[in-house]
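Guided by the hints, dock chains B and C onto chain A, whose structure is given.
So the chains spell out like this:
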Amino acid sequence: MAKYIAKRLLMSILTLLVIVFVLFVLIRIMPGDPFPVERMSAEMILQKREELGLNKPILVQFVDYMSMLLSGSFGNGTSLYNGAPIKPILATCLWNSFKVGVLSILFGTFVGLGIGIVAALNRGKFLDGFCTLVSILGVCIPSYVSMIFLQYFFAYKIPLFPYFFDPANFFGSAIMPALSLSLFAVSTIARFTRNEMVEVLNSDYVKLAEAKGLYGFELVRRHVLRNALIPVVTVIAPLVVDLLTGAMVIEKIYGINGVGKLMVDAIAGQGVDYNYVLALGIVFSALYIGVMLVLDILYGIIDPRIRLTTKEG
Amino acid sequence: MKKFFMAALLLVTMIFTGCGGGNDSAGGNKLSVMLSSNVVSLDSAQCTDLASFEVIADCIDGLMQLDSNGKPIPALAESFDVSEDGKTYTFHLRDAKWANGDPVTAEDFVFAWRRHCQKAEEYAYVFGNTVGCVKNADAVIKGGDPKTLGVTAKDAKTLVVELDAPVPFFPALMAFPTFYPINEKFFSSLADGSYGTSPETFLSNGAFALTNYLPGTANIQLKKNDSYWNAAAVSIDGFQYQVVTSSDNALTSFKNGTLNVVNIGGNQVAHAKQDGELSKNLQTFSSGMLTYLSFNQDPKNHHAGALANVNLRLAISNAIDRESLVNNYVANGSTATYTAVPVKFAPNAKDGKFFAEDQKKYSDVVSFDVDKARKFLESAKTELGKTTFELSLIYANDSGDTSVKVVQAIKSQVEENLPGVTINLQPMPKAEYLSNVTSNNFDLALVDWAPDYDDPMTFLTLWTTEGCAIAEHWSNADYDKIIADCTTGSLAGDYDARWKALYDAEKILLDNAVIAPLYTDANAVLISSNVTGIDFHVAGISRVFKNVKLK
Amino acid sequence: MYIPQKDDFEFISGRDLEIDENFSSQGYWTGVAVHFFRNKFAVTGVILVVGIILFAIFAPLASSYEYDEIVSVVNSNGSEVVAKSLPPQVAGSDVQNSFADKTFIFGTDDMGRDLWTRTWQGARVSLIIAFVAIFIDMLIGTSYGLISGFFGGAVDNVMQRFIEVAGSIPTLVIISILAIFMDKGIGLVIASLLITEWIGMSKIARAECLKLKEREYVLASRTLGASSFRQIFLQILPNTIGPIITQVMFSIPVAIFTEAFLSFVGVGIVLPQCSIGSLIEAGFGNITILPYQILPPICVLAILMLGFNLIGDGFREALAPKLEDQ
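Chains as they are written, first to last, in our numbering: chain A, -10 to 302; chain B, 203 to 753; chain C, 9 to 334.
One or more hints might be untrue.
[What the hints assert, rightly or not] Partial chain B-side listing against chain A, Cβ under 10 Å, derived:
| hint | residue |
| --- | --- |
| 1 | LEU252 |
| 2 | LYS344 |
| 3 | SER448 |
| 4 | ASN451 |
| 5 | ASN458 |
| 6 | ASN513 |
| 7 | GLU668 |
[Said to hold, decoys possible] With a straight-line cut-off of 30 Å between C-alpha atoms, the simulated BS3-like cross-links for lysine-lysine are:
| hint | chain 1 | residue 1 | chain 2 | residue 2 |
| --- | --- | --- | --- | --- |
| 8 | A | LYS114 | C | LYS110 |
| 9 | C | LYS221 | A | LYS(-8) |
| 10 | A | LYS45 | B | LYS321 |
[Stated by the list, open to error] Where chain A lies over chain B, by a calculated footprint (3+ residues, C-beta under 8 Å):
| hint | segment |
| --- | --- |
| 11 | 358 to 370 |
| 12 | 418 to 430 |
| 13 | 628 to 640 |
| 14 | 686 to 697 |
To be clear, the hints were calculated from the coordinates, so they are not data collected in a lab.
Even glycine gets a Cβ: it sits at the ideal position worked out from N, Cα and C.
For reference, chain A alone in the conformation it holds in the complex:
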């Protein structure tokens, strides 16, 4: 197992390196200068480019950037927020998105699993149809629309929660964005859980267990969940990354200083801030790869067969 994890870890680091390079090249071909130019003369723009080292060959720039990364810094912004060091700003934004994200993942997973399990156990009955409808409704409305409805009803009509995100009252102000963000996760997870559970419930070994006299919660816990959860984990993993990396529109509407908003600011501002886009890209990718790594290891734990086939191949 340790060897398997070490091998996967090494692969992940190599992948991340490739991603950094690809991102680096892609960002250099994006339109726009990495600083505001509206009031600058052509001469000043050239001078500024020189100063930022943008006239060097791209490989030299990449080596410079990598050596900066390895020294543990994301460097300074080129246009956004005064060219301040990126790391503390990124950390703040990431932490804000993370808090809201974790809340919505937990909500999404528990409610989703709950609905899925209830539906599967009552398959074909009224409760199944009801749960299916509820879970489908979750994907019918975009999260930003549900956010504005929540904001309208529970912050304006009935002022239960703050109208804008208030860092001093985190719990109160995180509920609405977390709720609207989690709707998609709830329905996705509920539907997958139900489908997989139904399949497992119809399998021979469950029938055998039932024949032996196991039923109800005990049966579900011991024989059904473990097998039904494998594909569900596949669905949850990308959702985790999506939610952790923020929801741009919701962050903008509700005034959350998170990574989604940071990304939009870095790309759609007065100039494309190369270093912010790169730093965000690297963090997003590292998160994604990290989650995938954990997922693979989890797979190995839940279902030893998968580990074996990977090893043989």
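The following block gives chains B and C in isolation, referenced to the frame of chain A:
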């Protein structure tokens, strides 16, 4: 499963107890103001946007400030002397203090100005020869020795500024944030690039001090600065800014009482006007921002210079119903504009009349007249030997929905009034838009230009051969000469002659239809009835809060 | 060693063979269809989706307005004004603002265009985008996932690393770069969907393939010498259709949502063209003061989502009927 549940519970508890606590920010009688966009930077050398200018001006005073009518009055400078030739200003500073107790000295200005010119960021141009004409500024911006810049501290309280040419609006310019001082000792004690990134790294000498700020934050809190030289005149204990990008959200949060001062768009204005309560809170201020269509005349452009033909440009300009644009689509109190300088802007220092008072002045070339427009189009067709014109119109679509509506209306009007002309809309984010307008990659562009100072020149210098980055590729020696004469040349010292010459320049510009002016933007603002004393300005800092009173 | 010859065998004839008429009389897909249409939810889904599709095709054709036409109405003073932001009304009826000389079933938007026409035109555009993008995604994603899962080992490793690289570049960056090379509009939206959505599809296909390739029937065909191509596309693929269809049904809302998101960041459908996403985006800015502008596109979107999901569920159950259903 159980373990997973427990771990999850633990995580939630950790997150929420870890960041709980903190004071209740939603105080009952506190002023909360909407900002339409994020503060880009609190470093006066780097900020480029109205939100940043405004917050900096809340916290730092310059040599001068503007009164509620936009006239310059003393701030940190108690008084100033001007030499006979208008080229040397001597400012006498008052006894003001930074929030850390240091006195504000002339050295603080010298440090800030030299640094700004040396850094050569976007707004460094205000020191240069098209605006401030500070001696040697252009040379320093291009990499010269900052010590040669024409600003010196004669003693701790006397600042001498030498200019290359007399600048009639120089005192007013001193209220612009780029000319504000920075405390050198404080600045050099900070890590590189960290100035202005938190309340701890930003030193105030003005009416307010930051208590809560992070780059990109949606919520900024300020408290009254007790060591401000004019602290007695500041009546509120502090206020907060909230960044709101949706006009609908702004309206609801105002109704809700969350915010006291909000800007709203056309649809919300119509709603507020019909609402008895809200209509009392609604006020409209001209913002001095001109929205115009820019024509790319470069013959190398991919439409092979169809727009280099003056008749085609005139046809488009005369086919646009500006009244319909402002009444139906902008609908926030903006004014249709037929001049290159916006309305209600740049009053003459002597008779107080606005520069663009007479909107009919160029009605032979800028108007809404379909017959005339079609005649221009016919001449364009014969001259160019083409019957159809397909033009692209680029615009930035991430700064509100007004421009999105305006371009659609323009497309509809031009295509209906000028048979044979097709306009393809090309929306893009601001950064890409700027890259296109500066790199000559457009046919028509919708441009918003906000004035930096209250003088026609802030607009008229845009269209000189070496003007700003937005390139129409139009060059006219007469025009360039008038502008040069009025900035650094023979007319700079003669107020009346300069004013008259500027009209001549504007005439050349509009006769050639270099641009098609559309409208002067306005801000429709909802203000709670208990809030009075906010000063609104057309140029530079748009809102000033230091005289605000709460009932 | 004796090798059996053809002549050693002969057909059994004359014996009474019992053939099960019930099952032989219907093919596999007929069975699927029977199961599908027996499911009330699935039939509801079909009705909803077909209904929307019919409206999307015919309503813009039958409408008296163009979707991008700015309509004028005569107001109470007898002068012509732009019909902007009018609530739903029928010509001749008595309405408060007395502009009722024209019919606007869903009202008009804030540019003065008929929302009925725009909603169905938008539904048309969104459906085209979703169908084209998801169909191509399905082809690419499924083949990719099956090949990667089937061969395993080094091939799988390389293919999965590629997915990791492609999947972890932020969508916004990819789209911004794509926007340099392409004109904005439907094409760009479809291209962005292609680049970002096939990965999910390929993961499902790979997971299924990993499960199926160890099954006895695949083993049997491998033993009999079937080529890899044959095993993948004839043995494994048919059995992955269920999960893939479920994934397609999940992808259609994602496609339409992504389109809506793209118009938020400014690379979606170019106005005055419209899609469900751009209509929601336009109504979104006035949601509390002019709610009737956002309701039609949201309802159409919700009905489409509901319909596709019900159809998806019905398909899945019909393709893999459980014993108890038979």
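Okay, the hints, checked on the actual structure:
1. LEU252: violated, 12 Å
2. LYS344: It holds, given that the least Cβ distance between B/LYS344 and chain A is near 7 Å, below 10 Å.
3. SER448: It holds, given that the least Cβ distance between B/SER448 and chain A is near 6 Å, below 10 Å.
4. ASN451: Holds, about 6 Å.
5. ASN458: holds, 5 Å
6. ASN513: At about 30 Å, which exceeds the 10 Å cut-off, the nearest Cβ of chain A leaves the hint on B/ASN513 violated.
7. GLU668: holds, 7 Å
8. A/LYS114 to C/LYS110: Distance of about 49 Å is beyond 30 Å: violated.
9. C/LYS221 to A/LYS(-8): holds, 26 Å
10. A/LYS45 to B/LYS321: Roughly 21 Å separates the two Cα atoms, so the pair holds.
11. 358 to 370: violated (count 0)
12. 418 to 430: holds (count 4)
13. 628 to 640: holds (count 8)
14. 686 to 697: With 0 residues closer than 8 Å to chain A, the segment 686 to 697 of chain B misses the three-residue bar; violated.
Going through the hint list in order, the structure does not satisfy hints 1, 6, 8, 11 and 14.
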